[in-house]
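Order-wise, the sequence lines are chains A and B. No gaps in the numbering here: position 181 of the first sequence is 181 in UniProt numbering, and each next residue is one more. No gaps in the numbering here: position 35 of the second sequence is 35 in UniProt numbering, and each next residue is one more.
Treat the hints with care, as some may be off.
To be verified - Computed list of lysine-lysine pairs in DSSO-like fashion (alpha-carbon distance at most 30 angstroms, straight line): (1) A:Lys37 <-> A:Lys168; (2) B:Lys213 <-> A:Lys113; (3) A:Lys411 <-> A:Lys168; (4) A:Lys147 <-> A:Lys444; (5) A:Lys138 <-> A:Lys113; (6) A:Lys213 <-> B:Lys113.
In short, the hints are calculated from the structure, not lab data.
Protein chains: 2
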Amino acid sequence: MSLERILDRIDSDLDPAIARLMELLRIPSISTDRDYKAECQRAADWLVADLASLGVEAEARPTPGHPMVVGHVGEGAPHVLFYGHYDVQPVDPLNLWSREPFDPAIEETADGKVIRGRGSSDDKGQLMTFVEACRAWKAETGEWPCKITFFFEGEEESGSPSLVPFLKENADEFSVPDLALICDTGLFDRDTPAITTMLRGLLGEEVIVTGPKMDLHSGMYGGAAMNPIRALARVIAALHDETGRITVPGFYDGVPEITDEMRAQWDALGFDADAFLGEVGLSQPAGEQGRSALEMVWSRPTCEVNGITGGYTGNGFKTVLPSEARAKISFRLVGTQDPLQIRESFRKMVREMLPEDCDVRFEDHGASPASVMSTADPAFEAAREALSDEWPNDAAFIGSGGSIPIAGYFKSILGLDSLLIGFGREDDLIHSPNEKYDVRSFHKGIRSWARVLDALASVKS
Amino acid sequence: MSLERILDRIDSDLDPAIARLMELLRIPSISTDRDYKAECQRAADWLVADLASLGVEAEARPTPGHPMVVGHVGEGAPHVLFYGHYDVQPVDPLNLWSREPFDPAIEETADGKVIRGRGSSDDKGQLMTFVEACRAWKAETGEWPCKITFFFEGEEESGSPSLVPFLKENADEFSVPDLALICDTGLFDRDTPAITTMLRGLLGEEVIVTGPKMDLHSGMYGGAAMNPIRALARVIAALHDETGRITVPGFYDGVPEITDEMRAQWDALGFDADAFLGEVGLSQPAGEQGRSALEMVWSRPTCEVNGITGGYTGNGFKTVLPSEARAKISFRLVGTQDPLQIRESFRKMVREMLPEDCDVRFEDHGASPASVMSTADPAFEAAREALSDEWPNDAAFIGSGGSIPIAGYFKSILGLDSLLIGFGREDDLIHSPNEKYDVRSFHKGIRSWARVLDALASVKS
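Hey, can you work out the whole structure from these sequences and the hints?
Take a look at the structure:
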């Protein structure tokens, strides 16, 4: 049977596949920092060339931000749209990395070999599992498993500003497929693969509070002049009440309780909250009282301060009374919470809390609702069985605390369901120093996609 | 009379005096930033050479930090100790400067000529007013006005860590003088000179709150993991109550009400609080309810956040849940408030407010009590009259919001009273971008010191 031959070829081609991924990882495609614009273009061009080596005619299509890589190949049914992103998170604090973030290497660890480097797990390594599965399929059979549209974004880590306009402008080209495949999620645990069926949305806001029109000497003005850091701290402190609930008016409108069925399935996973928190040096779930840690990250909304700055932050001390303080604040959203309504309510609350002598302005860093997939499509069960064949444990349908807005856009703009399959692990340190991807994730990830493509071809053809 | 000849020489020597100051201003002696250590040494060496050109044998004496410049000259009575500091504040944010901070120049403004550059007012320009007065006196008369010990510090802007040990080790050398002269304060207004008789103390604390042991992805952990920015914001928000009072337990122990006599003198100054705040874009005194703005800065204690940082603060957005957040917090102290007791009380309050999963450490950035001078010494009245002769309006005894801990140390270690005379103006932008010193302040400042030295010689000899 050809699937076995394809899997054998994946095994024997693993070293060259890793070498190809290393090339891509060496490109510092940090999308949120405008200093790296040319590097994002370079990553897009690399992918176009790599797809071309498979016989896929792809293009790096310009946008007002970073390019979209698009390629079409194959014939017949099903027609799937595969999505991944080639951009990566910033690397600071650089001093906490054990090696240069963009000089990746294979490292031996107690838990097996890993590929260390920014983007290895999020999302270049994951994206390449699908590309390598296609490469092996084509090399072994001379054919494509089905009709495939490749779609790689370069702005996922910076709020995807070009995505919606691009999908809308090219709706004809993208609305053909039966199903979207997205590789940007994780395993449930080392031996248990997962299909993510619930994703939180994300609202990102930057709050800039200004007080005096210039930095002041705290001796000369301290006491008499309003300090914008103090005003901003008051706002942040007020965003949660004593029970951990978020206080933005109307925030919980559209937040559902999970079904009893889902709760039973989650309980069966045997999630170890103590280990989950203990691994990062914590002991107490910090969210709403009375909720489990798993609920807090999979099915409850959040408000987090992702960054704050104001005044003198260098070495030593400076008795300055600053003119400005700013915070980057994000909300993870669930159910049918409306990001735009929450943005308005949040901004109103901030304005009302500030003293008369402070002004505020807001910068918009994206607003996307949560996604909940329907598992009724037989493709979901077929994919779950295919994954179960590859890994020690059966695959599970799970939730995810992260936000993959693309799944929501595929549904709202293209009417397309998404199958979210990924091989990341919780200790991959994505968004942190020393990001890694297990060689096992990469290898079995490629094999998993070969199995899933085979299963989908059976279901949909 | 020789004073008139000395004043004439000061007038005719103004341009070379400015050129000498410019040389000193070109040395970026930022004491708080260890990258500028060699520049601090260079500034000390420049002062040693400049004093040598006057015939003063001075030395740059090493300390664990930056050098102390010490020189002795002259004979007889009185014997005064003159203090200034050659270190300067950091220059960030650099983009708000209209010129390079260490490339000073004379600029024409609507209010007259100014010397623009970091340190022009705080404190290099002020320090040089005294040196230039001595230079003119010596050049014109061939003698010194009295016995003088020059003492220039290089760590005033970074908490003066070496000062107390140095004074204690050299107490014999420094305990001789009758009176200390300190030039690091301001005029009351453009035409009204001032002798500062009340100075606030300063307690500087850096608070470093840690939560998870690494930066986390806010999607994967958000909700479940404690965010140290949120914990720090809660602490900062709680430091003031709704009436603007500081909530650190015991904080107001030792805070006196000013005397009726002092209040009457201050009322007579006609301080314009609206203009004072309006000039920096504010309208409301932000301190304790029921206190005037002048009280807030001259006679009431404060708590200010001078800097805060945590998480991602670069361009764009990063959904990180940070491992650490830090704030630089300072307290201005008055009366007999005990900085060490307040430090303990503050640290205890912070520790008690933090959630279980946060740790905190503190860095000490100095602790000095307030100073209140006795104006009974006839030197105070003699100096006040000498200043009144130079400026359009009579000189006043005033308070100051700033902290000049040296005055407290001179009292506690050497038993020495300090005469605080300076020529800075409130719009000098010290500690801010575009710092300047009026040429008029520099010129009349030099003349003022010649008059004061003449008056002190009459009183004390």
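We went through each hint and held it up to the structure:
In summary, the hint linking Lys37 of chain A to Lys168 of chain A is supported, as the alpha carbons are separated by about 24 angstroms, within the 30 angstroms threshold. Pair hint Lys213 of chain B plus Lys113 of chain A holds up; C-alpha atoms about 23 angstroms apart against a cutoff of 30 angstroms. Proximity of Lys411 of chain A to Lys168 of chain A is assessed by CA-CA distance (about 12 angstroms); at most 30 angstroms being required, the pair is judged to hold. For the proposed pair Lys147 of chain A and Lys444 of chain A, the alpha carbon gap of about 23 angstroms is at most 30 angstroms, so the pair holds.
The suggested pairing of Lys138 of chain A with Lys113 of chain A holds, with an alpha-carbon distance near 28 angstroms, which does not exceed 30 angstroms. The hinted pair formed by Lys213 of chain A and Lys113 of chain B meets the criterion: a straight-line CA distance of about 23 angstroms does not exceed 30 angstroms.
Checked against the numbered hints listed earlier, the structure breaks none of them; every hint is satisfied.
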